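Build the full structure now, drawing on both the sequences and the hints.
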Amino acid sequence: MSALKTLGFTLLAGLSANAVAAEFSFDHTGSGVGTGITPVGKLAWEQSLPSYSYSEEKTENGKLKKSTYAADVLLRTGLAEGLELQLGWDGPQWTQSKVGKTKESKHGLGDVSIGLKKAIELDDEKMSMAVLAQAVIATGNDEFTNDKDIYSLGSVVAYDHSDQLTTSISMIYEVQNSNWAVTAVPTVEYLIAGNWSGFSELVYRKQEGQDVEYNLGSGVIYAFNERAQVDATIGLDLNGQDKGYQAGFGVSYLF
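If you use mature numbering (1 follows the signal peptide of the UniProt record, and there is no 0), the sequence shown corresponds to residues -21 to -1, 1 to 234, in order.
Hint data in this document are derived by calculation from the structure and do not stem from the laboratory.
None of these values were measured; they are calculated from a predicted model.
Be careful, since some hints might not be right.
When the alpha-carbon atoms are kept at most 20 Å apart in a straight line, the in silico SDA-like pairs for lysine to any residue are as follows [claimed, not checked]: (1) 97 x 62; (2) 85 x 152; (3) 44 x 85; (4) 97 x 222; (5) 82 x 132; (6) 105 x 78; (7) 21 x 230; (8) 37 x 224; (9) 77 x 31; (10) 127 x 188; (11) 185 x 160; (12) 85 x 125; (13) 85 x 121; (14) 222 x 186; (15) 37 x 146; (16) 37 x 78; (17) 82 x 146; (18) 42 x 122; (19) 45 x 57; (20) 105 x 81; (21) 85 x 57; (22) 44 x 123; (23) 127 x 186; (24) 85 x 119; (25) 185 x 230; (26) 45 x 122; (27) 44 x 21; (28) 77 x 188; (29) 37 x 91; (30) 185 x 219; (31) 185 x 222; (32) 42 x 215; (33) 45 x 81; (34) 77 x 186; (35) 21 x 57; (36) 85 x 29; (37) 77 x 127; (38) 127 x 91; (39) 97 x 132.
Quick look at the structure:
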């Protein structure tokens, strides 16, 4: 998925598909790690249509404004009970940068990722836990790649307070070219009405040698049935004077 979603703005939430598998949920929305595991023999396809990010920062030549569109995708399949394989791709991307009256547009393909997620049995009806080991391989074109491979280990603990409310906390540790970063994502998921649900999250990220980054995100999800949902998300960077926000629309289907 995308950068802070590489975190990026992207995992967690989704309505549970109890008719298919009690522990399954889509991972498309949010920035943390979901506890749901894809059932053996099933394939979950989670697609951005597309995601969008905007940022502003001061440079020697003036204010740099940058807009990026990306059609990232995540595929998940069950390998065994409580264990799934994840294959991701940042997808085709298009970006436009503007400094003063000068504009520059570029397009290319993003990085790919592979991961294994394992559910951890806690013997608790309300609490669930999972861990995700992931590698982001820097195969993308210039301007659309992380340059160096990223290896991460994430964990999440979720607690179902009721059928209407779930809280969770994700911790993600990653290393890139010997540089470490840590991300913490507390999340609240809630039922709105009928097939509508939503989530809110705060993303804290500290990368070695860089300032702390904060992002506040929220989204809504509509579940057509146990196998299909659409979602809309928005996030706001809280990083001092620089401005930035993300938005996106996604569709997810369980085959």
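Against the structure, the hints come out as follows:
For a cut-off of 20 Å, the pair hint linking residue 97 to residue 62 stands: about 5 Å separates their Cα positions. Between residue 85 and residue 152, the direct Cα distance comes to roughly 31 Å. Violation of the 20 Å bound is thereby established for this hinted pair. Proposed proximity of residue 44 and residue 85 is supported: the alpha carbons are some 14 Å apart, at most 20 Å. As the CA atoms of residue 97 and residue 222 are separated by approximately 36 Å, the hinted pair breaks the 20 Å bound.
Pair hint residue 82 plus residue 132 does not hold up; C-alpha atoms about 38 Å apart against a cutoff of 20 Å. Our distance criterion of 20 Å between C-alpha atoms is broken by residue 105 and residue 78, whose separation comes to about 51 Å. Pair hint residue 21 plus residue 230 holds up; C-alpha atoms about 17 Å apart against a cutoff of 20 Å. Under the criterion of a C-alpha separation no larger than 20 Å, the hint pairing residue 37 with residue 224 is consistent with the structure, at around 16 Å.
The straight-line distance between the Cα atoms of residue 77 and residue 31 is roughly 16 Å, inside the 20 Å bound, and the hint therefore holds. A hinted pair counts as satisfied when its Cα atoms are at most 20 Å apart, and residue 127 with residue 188 qualifies at roughly 16 Å. Between residue 185 and residue 160 the CA atoms are separated by roughly 6 Å; this keeps the pair inside 20 Å, and the hint holds. In summary, the hint linking residue 85 to residue 125 is supported, as the alpha carbons are separated by about 16 Å, within the 20 Å threshold.
Between residue 85 and residue 121 the CA atoms are separated by roughly 10 Å; this keeps the pair inside 20 Å, and the hint holds. Under the criterion of a C-alpha separation no larger than 20 Å, the hint pairing residue 222 with residue 186 is consistent with the structure, at around 19 Å. This hinted pair does not check out: residue 37 and residue 146 have alpha carbons roughly 37 Å apart, beyond 20 Å. Simply put, residue 37 and residue 78 have alpha-carbon atoms about 10 Å apart, close enough for the 20 Å limit, and the pair holds.
At most 20 Å may separate the alpha-carbon atoms for a hinted pair to count; residue 82 and residue 146 exceed this at roughly 43 Å. Between residue 42 and residue 122 the CA atoms are separated by roughly 19 Å; this keeps the pair inside 20 Å, and the hint holds. With a C-alpha separation of about 38 Å, the suggested pairing of residue 45 with residue 57 is violated against the 20 Å cut-off. With a CA separation close to 55 Å, the supplied pair residue 105 and residue 81 exceeds the 20 Å bound.
Among the hinted pairs, residue 85 with residue 57 is inconsistent with the structure: their alpha-carbon atoms are about 37 Å apart, more than 20 Å. Simply put, residue 44 and residue 123 have alpha-carbon atoms about 16 Å apart, close enough for the 20 Å limit, and the pair holds. Between residue 127 and residue 186, the direct Cα distance comes to roughly 15 Å. Compliance with the 20 Å bound is thereby established for this hinted pair. Distance check on the hinted pair: residue 85 and residue 119 sit about 13 Å apart at the alpha-carbon level, within 20 Å; holds.
Taken as a hint, the residue 185 and residue 230 pair is broken in the structure, with Cα atoms around 30 Å apart against an allowance of 20 Å. Restraint check for residue 45 and residue 122: satisfied, since their Cα atoms lie roughly 12 Å apart, inside the 20 Å limit. Restraint check: the Cα-Cα separation between residue 44 and residue 21 comes to about 42 Å, which exceeds 20 Å; the hinted pair is violated. Simply put, residue 77 and residue 188 have alpha-carbon atoms about 27 Å apart, too far for the 20 Å limit, and the pair is violated.
Between residue 37 and residue 91, the direct Cα distance comes to roughly 30 Å. Violation of the 20 Å bound is thereby established for this hinted pair. With a C-alpha separation of about 15 Å, the suggested pairing of residue 185 with residue 219 holds against the 20 Å cut-off. With a CA separation close to 18 Å, the supplied pair residue 185 and residue 222 stays within the 20 Å bound. Simply put, residue 42 and residue 215 have alpha-carbon atoms about 19 Å apart, close enough for the 20 Å limit, and the pair holds.
Note on residue 45 and residue 81: the hinted pairing holds, with a Cα-Cα distance of about 12 Å set against a maximum of 20 Å. For the hint pairing residue 77 with residue 186, the CA-to-CA distance comes to about 27 Å; that exceeds 20 Å, so the pair is violated. With a CA separation close to 6 Å, the supplied pair residue 21 and residue 57 stays within the 20 Å bound. Under the criterion of a C-alpha separation no larger than 20 Å, the hint pairing residue 85 with residue 29 is consistent with the structure, at around 16 Å.
Of the supplied pair hints, the one linking residue 77 and residue 127 is violated, its CA atoms being roughly 26 Å apart against a limit of 20 Å. In summary, the hint linking residue 127 to residue 91 is supported, as the alpha carbons are separated by about 12 Å, within the 20 Å threshold. For the proposed pair residue 97 and residue 132, the alpha carbon gap of about 11 Å is at most 20 Å, so the pair holds.
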